[in-house]
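If you want the building blocks of each chain, they are given just below.
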Amino acid sequence: MTERPDLFVVGRLLEALAAGPLLKTPLQQRAGLNYTVFQRYLDLLLRLGLVAGTPTGDGRIALTSKGQEAHRFIAEGLARIFSPSAPRSDLAAARVRATRDARRP
Amino acid sequence: MTGPSESRAAASVAAAQAQLQEVDDRVTRHAQRSRRFSTFAWAFLFAVALGDAALSLIDLYVSVVTTTTGAAGTSTSSMPPEWGPFVAFAPAVALLGLAVREVVLGRRGTPARRRGTGPADAPAAEETTPWIESIRRAQELLARAGRDAEWSFVPLALGLLSLGQIIAGVAGAYALAASLPVAFLAVAGAAAVASLAVLWPLYRGAKQWLEADQALLERESRELGELEAEFFWRFVGTGPTP
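These protein sequences, in sequence, are chains C and Y. Positions 1 to 105 (our numbering) are the ones given, in order, by the first sequence. Positions 1 to 242 (our numbering) are the ones given, in order, by the second sequence.
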């Protein structure tokens, strides 16, 4: 992979596998990637040891313990950045509150 | 395989991406509104100029000629018909209304809907635009929207003042013909100034929303950059490019 890998794409792949091992096609579909991009990212994750083939050899891919830790790291980091309590300007916070109130039935 | 912390983190990536998308959608809408606001503002200025020309033509071709006979003799005066100013400036007023509508809609901050119809945890389409590009694009859109809003106030102010001046002139002519008090002249000018006074806070509000989104994007960009750098440092052992 020569271009900069995207944290969200890595996160989506790890998140798709967090519920359990998957075959390549369902994993690709859940991550919402085209085949070329999917293959590039899968190679990267395999090389980094974040995912691996299941020991049964049924072609499924699973998170390694390092992959689980990486998923937690990304998910918690993103949750911290995008949580409603994250620091933001007063106007933006007011807008979040207004949006939440507007959506409330 | 799925521990409590894992479940807590589940779907956070998709949710975060949905939020980023939401900001992107909102910024796109802001930019579209600012662009439309700008278009209507300039169109309003041109419509005022065209309205002035149209009023002159109406005065030239369908003016109402009044002949007054007094002690000094007979005098003849011509004035545009009463419907003249209304017809001539109706497009300008409609365009002004459309411009104000754009600012009001932008100020209201209607929540943006997600693109696609799938649930938040299943991307409906391929989403391969890197977040950094997505944020950069949104920042560029915001900067353009800010410039649009900034420059739109000039034609609006010029148009309103010209319109006020023209209407005051026309109203003055009618007032003199009907022997109404000269104070009547001030009504049209005051209306133009009042419109400007209403527009100013709307414009300031729109600018504040844009600035708030700019600040939000800057924070998200900085924190995502830090998170990405830390991720690569911890799990790859190198910088962001493996």
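Just so you know, these hints were derived from the structure itself, not from any lab. Using N, Cα and C, we set each Cβ at its ideal position, and we do this for glycine too. Where hints are given, some of them may not hold.
[Stated by the list, open to error] Every beta carbon over 12 Å from chain C, so not counted as near; a handful from chain Y, in silico:
hint	residue
1	I58
2	R219
3	E230
4	F232
[To be verified] Short, incomplete list of chain C residues facing chain Y, as computed with Cβ under 7 Å:
hint	residue
5	L7
6	L42
7	G59
8	A70
For each hint, the structure was consulted:
1. I58: 47 Å, holds
2. R219: With a cut-off of 12 Å, Y:R219 comes too close to chain C, as the shortest Cβ separation is near 6 Å.
3. E230: 8 Å, violated
4. F232: 8 Å, violated
5. L7: The hint holds - C:L7 has a Cβ within 7 Å of chain Y, the shortest such distance being about 5 Å.
6. L42: 14 Å, violated
7. G59: Where the cut-off is 7 Å and the nearest Cβ of chain Y is about 18 Å from C:G59, the hint is violated.
8. A70: 5 Å, holds
In this structure, the earlier hints numbered 2, 3, 4, 6, 7 are contradicted, and the remaining ones agree with it.
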